[in-house]
Every structure is written in structure tokens, then in C-alpha cells.
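There are 2 protein chains.
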Amino acid sequence: MLATSGVCGLAILILLSFSGNGFVTASVNLPFKYEIKDFQVPLDHFSFLKNASFNIRYLYNDSFADKGNKRSPIFFYTGNEGDIEWFAQNTGFLWELAEKQGAVVVFAEHRYYGKSLPFGSNTFNKTMPENLAYFTVEQTLEDFALLITYLKNGADLPVVAFGGSYGGMLAAWFRMKYPHIVVGSLAASAPILQFPGITPCDIFNKITTSVFHTAYNGNCTVNIGKSWKAIENLASTDAGKKQISDAFHLCNPLKGPDDLTNLLDYLELVYGNLAMANYPYNNSFLAPLPAYPVRQMCFYLKELHKTDADLLQAMANALAVYTNYTGTVKCLDISSNSNADDSGWNIQSCNQMVMPFCSNSSDTMYRTSTWDLKQVSEKCIRDYHLTPKPNDIILRYGGRDLSSVSNIIFSNGLLDPWSGGGVLQAPNDQVHVIIIPEGAHHLDLRKSEPADPPSVKDARKKEENIIISWIEQFYIWSNK
Amino acid sequence: MLATSGVCGLAILILLSFSGNGFVTASVNLPFKYEIKDFQVPLDHFSFLKNASFNIRYLYNDSFADKGNKRSPIFFYTGNEGDIEWFAQNTGFLWELAEKQGAVVVFAEHRYYGKSLPFGSNTFNKTMPENLAYFTVEQTLEDFALLITYLKNGADLPVVAFGGSYGGMLAAWFRMKYPHIVVGSLAASAPILQFPGITPCDIFNKITTSVFHTAYNGNCTVNIGKSWKAIENLASTDAGKKQISDAFHLCNPLKGPDDLTNLLDYLELVYGNLAMANYPYNNSFLAPLPAYPVRQMCFYLKELHKTDADLLQAMANALAVYTNYTGTVKCLDISSNSNADDSGWNIQSCNQMVMPFCSNSSDTMYRTSTWDLKQVSEKCIRDYHLTPKPNDIILRYGGRDLSSVSNIIFSNGLLDPWSGGGVLQAPNDQVHVIIIPEGAHHLDLRKSEPADPPSVKDARKKEENIIISWIEQFYIWSNK
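Protein chains in written order, with the numbering used here: chain X, 15 to 494; chain Y, 15 to 494.
Calculated directly from the structure, the hints in this document are not laboratory data.
Check the hints yourself; a few may be wrong.
It does not matter which identical chain is meant; a pair holds if it fits inside one copy or across any two.
[Said to hold, decoys possible] Only pairs whose alpha carbons sit at most 20 Å apart, straight line, appear in this in silico SDA-like list of lysine to any residue: (1) Lys84 / Glu452; (2) Lys316 / Leu274; (3) Lys51 / Asn167; (4) Lys114 / Pro45; (5) Lys114 / Val447; (6) Lys81 / Asn276.
For reference, chain X alone in the conformation it holds in the complex (with noise of 0.2 Å):
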């Protein structure tokens, strides 16, 4: 999930789409297997204006399952905001689990997303607005929730609900709304408090930069903090801008003010993708990177430099990190954000995923920047047709105040900027909070490594014994 800034513009770098350049298989080599199904559902829920309707997309493998036992559990994703074949690969927890537990797996994916499109090729047609309007939380869950009936045919069976990120936001609200249909939700990483006017809006800012700064030594946050002034500075001058250009090997140098703008937000969100993606092991989660990638990129900036210049060059050896870990990338091009598919997510965060980002040069690495929720609608207006409603989520799922709610795990690693907007502690004894202090976004999903910290080999031991409390108790109800 993309932090959007409120002010700055959006740069969204987060790779979405499970394309065909590489960048999954070349880590994972695909070692998930299923099929894929299509799921018939309703363009809308919940009104009776019209009988339209369209197919959603699924992940199904039961060869873990009992085939004598009709009541095998279900392991169900709800799919967030990607092609859902990509999650399943980057989820290896669920699938070592379901082995373990004899457990259905199903990946569900996401309405408007992957190849879940309500309105297929036009579903984003810029002319078609109103194509949109049922790119919904409620909408979405309900797609799940006639799924999962689908898939039980009637037989009284245990599912349990995984998500990470959003999709551990959807899989916690899934429970809230519906848990009637999953005995119990685990949710990754899963920032439900990131709302307006229940956190502050700086946290994942200040998370980040905590990051950066206990990543190798201080130096590396006072260098980023130096750093957007001594870019500006440069790039005054056309040599300036050349010497930007040629340090970052900008496909399309710096020309207008703009294009010093865009390489700032871009900077700015390579920061947060990189502290989601610290984890202690070679990942392409969100692009090829080394093992703990925000230590290697404040090693290139452990020294001060003393001219704008210096700190340019030692800027760009680290970005590389990045963006040229595979030392095959040409030339660095920050306005494609090639495979990425944020088409979606900038819709969301323009009708509920209202979620508030600044930052303050003082406390953090970065510039200081505010949100104000009137430019934010008035830009989504413009790109959409759509006016956000910043309480919509608040007012249907609680906000902090989760004292009804029930079997849901929320874990959080405490090296991933989200967890700021996460739930960090239980407001009964049938939530569980577990907390990975080495952990970065929703690590304790993906599948076991070597380098696997002992804090998530923990909280994956425990989220295993409550989800199977869950189920054993599910069955001591039902054949009572």
C-alpha cells in the first residue's frame, strides 16, 4: 500500500502488477501452484437499480485438503489492491500453513484490480466516470462474502481470512462485518487507524526516518535531510541540472520546475518503499533488492559531505540500491513507474482510503509538507469525478474504538512506517496484537527464509496456534 502525499502530489512507485518482466520470478521462481476461476457477482450490493453484474478472479488449490473431510478449513485472501497472482506468491506463510493444516487456499482477487474489472477495458476510461462508483471497502467485501458461501456449498466448515497491508485492513473489517462467514481474521500490517483524526499524520514519516537513522549510523537522516535543499540548490543552474541528470542517470533530465518536483516525490517515496520492504533477505517484493536494503543504502551515506555536490554523488550511489540493484537499468526513468498499477489505489485514496501523510522538517529527514483535506478533493474531483469521504471508513468500522470486535490477529513490525496507523494494542483478550520488532511490512506473511529474524519466526508460531485454536473451537460449536 502507497502512502500518498496530500500536497506534494502523487508518485506512486509500489509495483502492483504481476507482469511478465521478471521481477517476481526471478526471485520466487512462481513456487505457488493453483488454479484459476472466475466468480460472478453482483456490479452492485446494495442497491436494486439494476441486475448488472461481473466476474471477479480466484486462486484455488485444495490439494492440501482432506478430500475425505468435507470439512476441511478454507484459508482465504481477500485480495487487495494488485493482481492477485502476485500476492499469493509474496504470501508463503498461508500456503506453508494450509500444508500443515490440510486447509483450502483461495486468493481472491480485488474487484478492479488484476483482471477483476467491472467494466473491462473501460473500467478506467477517463470519458466514463461513473464507471467507478463501485470501487468500494463494502462493495469488495461483499464479492468475498459470496464467495466464501460459494465455496462452502453449504457445508458448516471453518475460514479463516488473511490479508497483509490493505489487504490485512479488508480481511479485519471482513471479520468486523461478516463473522458469521470467518471464524477469525489475520491481519498483517494492516494500518486501520491511518484515518483522519485518529492518528497523527506525520507518524509514518517519523517511522521511516527512525528507520534510516538506526540503519547504519546517523549520518544517513542527515544527509536526506540535507539533501532536498542541496538538490534544489543545484538545480538553480542549468549546469546544475545537468549534474542532477548525469548523477541519477535520469532517462529525461531536468528541464522545468516540475521535473525538480517530480524527482523530490520520487525520492521521497523511495523512502517509505524501502523501509516496507526491509526485509533481511534479497527480495523483489517491490523491486530487486538486497537484504535489508535501508542499511545498504545509509551505508553509501554514512559520511557528511561538505559541498552539494558531494552529497549529489553520495545521493546517487545510494539510490542505486534501489533502482539499479540488478545493475542492468539503463537509465532511471521517474515518471513511468513502470510496472506499476496505481490506477486503482490513487481512485481509493480518492474515495475512502482517505488517509492523511505530512511531515516535519524538524523531527524527520524529510521536507515539511501538510495535508489539507480541500486540496486533496479538489484534485481528485479533477482526475475523477470523485469527492472523498474522509469518515466513510471511520464511521462504518470503529476507528480505535474496537472493543466489540473478535478473533483477529494484528501483527505489526515495528521496522515498517505503516505500523504507526496500525493496532498496537488489544482492546480485549479476543484480539491479539503481536508485535516484530526486526520486522518489516507484513514480513510474517511471506513464506519462511534462512534469514528469518526470530521475532517473526514467533509471531508466525503464534499466529499459527490462535488461527488453529480458531478452527478447533469452530468445530467443538459445530458438532455440538
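Place chain Y on chain X using the hints.
Below, chain Y alone, put in the same frame as chain X:
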């Protein structure tokens, strides 16, 4: 709420509109006072298609609240199928408890009823069936959620939902889906289980039969059971038709077969209404009625009769208990249903409120009738262009799986035919089931009367204690 018969067509008797014709003023002299206010709500809470809005009405009285205490509780009635003023005047328990507890009283009108019409006079325009699209439970619950949030005005205060019949279903569902907004709900005579596949369709008519059977003596149900055929026999000749028309004082004498069907359907619904309104004192809830009207009616049916003509005359005398208790009705108009506001409920029974009803002549006093979704659907499409969604309610609210529900009181009177679809067993210790052996349809919600039986006094006391405990618990938690 009405039992709409599936096969026999609809004949709606319940008096849902608080019209100025005196049926309410005559009995209770409008004891409860309030301001009438408007609140703007989105037409469609769940899509971003358009920004249309309209006003719902609500009744407001803060005279009991301690004005110095900004955290006075709110007692919020979740309005059901009718003019909200009618419910306010027939829900005295809420007022009495509000006075004791210093609570603000709010009665919110359900969209599409009373004066809360989304499209004004065109709301039910047959040429604009699209206007019915937003007439759903979920839209209504969102109206209430927004209204409560507005009324709280940012304060952290406890809100308790109250409702009877369909209003009780709404109160229960509201707590299930918005537990962060209400600390608990009193769902009186709320048949949330009266849906396809989870409750036998003949339960309503079986209970009604049982109530009639035990009201005076067993001949009551024998006579009613024989009356269907007796009236049909008589109606087979013109002389017989005249005899029937004269006996019942029909405004429009019987002519064709449809007239006979309408008369028999009318009788069937009268019996259900009488059981619902079988209160221990004179009342005008559904019609001006004596105390324990079923007993009164059955008094006229205590003898067995040898001829159809004798039975007819006894039936006519018995029916007058319901149709002419005041003695002022000149003739019986079975087609106009005078004060009924049946347009709304008929529509809801064609979208989500798909409640099956049937009966078997071998074990009830009714004719045998079946329930057939296909026939219901055909009629709904014909009448309103609506295709019923019989699974919507169970999918969203869990059917009989209420294991994760908390802080709801389900009260049911055993004299109430709707109790068959009510929650009679608590799924856990946070849900309270209160059975009122001597209670008809949500008797406990009505104001205290000298003739109240001990069981309803006990029920109200229990309800009061539970509600107070929710409020106290809220203050303890929120002051932490």
C-alpha cells in the same frame, strides 16, 4: 410488521400511518412530546455514483437530560415501517426509562416511510421504479449511523438503540454492524430468523392457532378451521353470497370469485393481527380493540354449530371484535384497508424482507397454503420491477449464527406469532433473551399500564437493569 402470505396474495391490514383520524388520539391522547426535525442523508451511501441527498425526519426530546452533563445517554429508536410519530406514541417504555435515566430521546424515521421520502411524491410512482433502488436495510442503518454521529456532536456518550418488530430487527442489526456507535440494543419481538431456510414457514400460523386455541375454549379454532369451507360453500350460490355480505356488513357485497378470495385473505390476516395486538388492556395499536381481543373473539366462537349459516353468523359476531369494537363502523370495507401505509412494506418484502409464510390445515386453523419463491418473485417483478434477494439478510446478518454478537436484548412474547422467528436462545452470555409468557407483539415496549401482567413488568425491569449496566460500563471504559 405484516405476515405477507406468499401464495394467496397480499392483504395488508396493519395500521401504519399516524393519520389524523383519531385511532391513536382516541386511546392515548398523545402523551409524548417532541420536536420534529430533519436530517440530510445521502440517497446512496454505498456508491460514488452521484451526490444526491434527501431529508429523513426524527423526533427529539432532551427535556429529561441533565443539560449540565454533556454525556447524557441517547435513547435512539430505529424507526420501522411507518410514520415515526406512531412509533413514538406506542413505545412508552423508552420514554419512561429515558425520564428515569436522564436520557435524550430520539425517534428516527425509516427512509421511504412517513415524511422521509427520497423522491417526494414520486417516491412510489409506478412509472419510476428506479426510485425504489435505495430502499434497503443497509441504507437505513447508515442513515441512523450518520444521524447518531451528528447528534453526538463529537462527545463520547452512550447510545442505546430500541426497536420493536422490524424496528427491533434494525436495532439488533445496528448493534451487530455498528457496535462502536451503540452500546447495546433492545430488540423487542424482532423476528430476525424469519427468513428462508432457517425457520419453518408455518411457525407464524401455528403460534396464532395455539393462541386462539387456548384463549377461550378449543371450539374457537375448530370453528375457524371449518369456516373457510363453510364460507366457500355458502358463496357458491347467489343467495349464499348475499347471506355472507349481510352477515359481515360488507360495504361491497360479494360478487365474483376474487371477492371471496379477498374476504378469506382478509380474515386470515385479522387473526394474525389479533394475536399480535392481544394486549391485556383496551388499545388502538392496530385497531381499536378490547383487552385480550382474542379471548373476546373466541367467546363468540365457543359453541359448535351444525349449519354453515349458523357458523357464518357466529363468525360475523366474532369478527366485529376486530372490525367494529367502537360500534361506529357502518360497513366493513375489506378492500380499502383504510389507514394502512402498506406501500412500503410490500416493497421491502420484494427486495430483502423475503419472509416465507405457509400453513397446513391439518395442524392449524388455516387453509393449507405453500410458499413459493418463484411465484413471489414473479409478483414482485410485476408489481415493482424488483427481483427479491432471499439470501441478502442471512448473508449479511448471520442467520442463526449469532455467536459473535454482544449487547443485544431479544425479548419475545409467547402470545406473539412473530416469536417463532425470534431469538429464543442466547448464543452467548453477552446476548440476553427475555421471554414474556403473557406478552403479545412487543408488549414490553409499551408504556406501563395497571393491567400489565407480572411477566411484562419483570421483563421491563430486566431490560432496564441490562441497559443501565451497558451505560455504566461505557462510562467506566471511556473514563479510563
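Against the structure, the hints:
1. Lys84 / Glu452: neither (39 Å within a copy, 45 Å between copies)
2. Lys316 / Leu274: neither (25 Å within a copy, 95 Å between copies)
3. Lys51 / Asn167: This pair counts as within: shortest intra-copy Cα distance 16 Å, inter-copy 47 Å.
4. Lys114 / Pro45: within (16 Å within a copy, 66 Å between copies)
5. Lys114 / Val447: Answer is neither; intra-copy 23 Å and inter-copy 41 Å both fail.
6. Lys81 / Asn276: Cα proximity of Lys81 and Asn276: none, with 54 Å in one copy and 55 Å across.
In summary, the numbered hints that this structure violates are 1, 2, 5 and 6.
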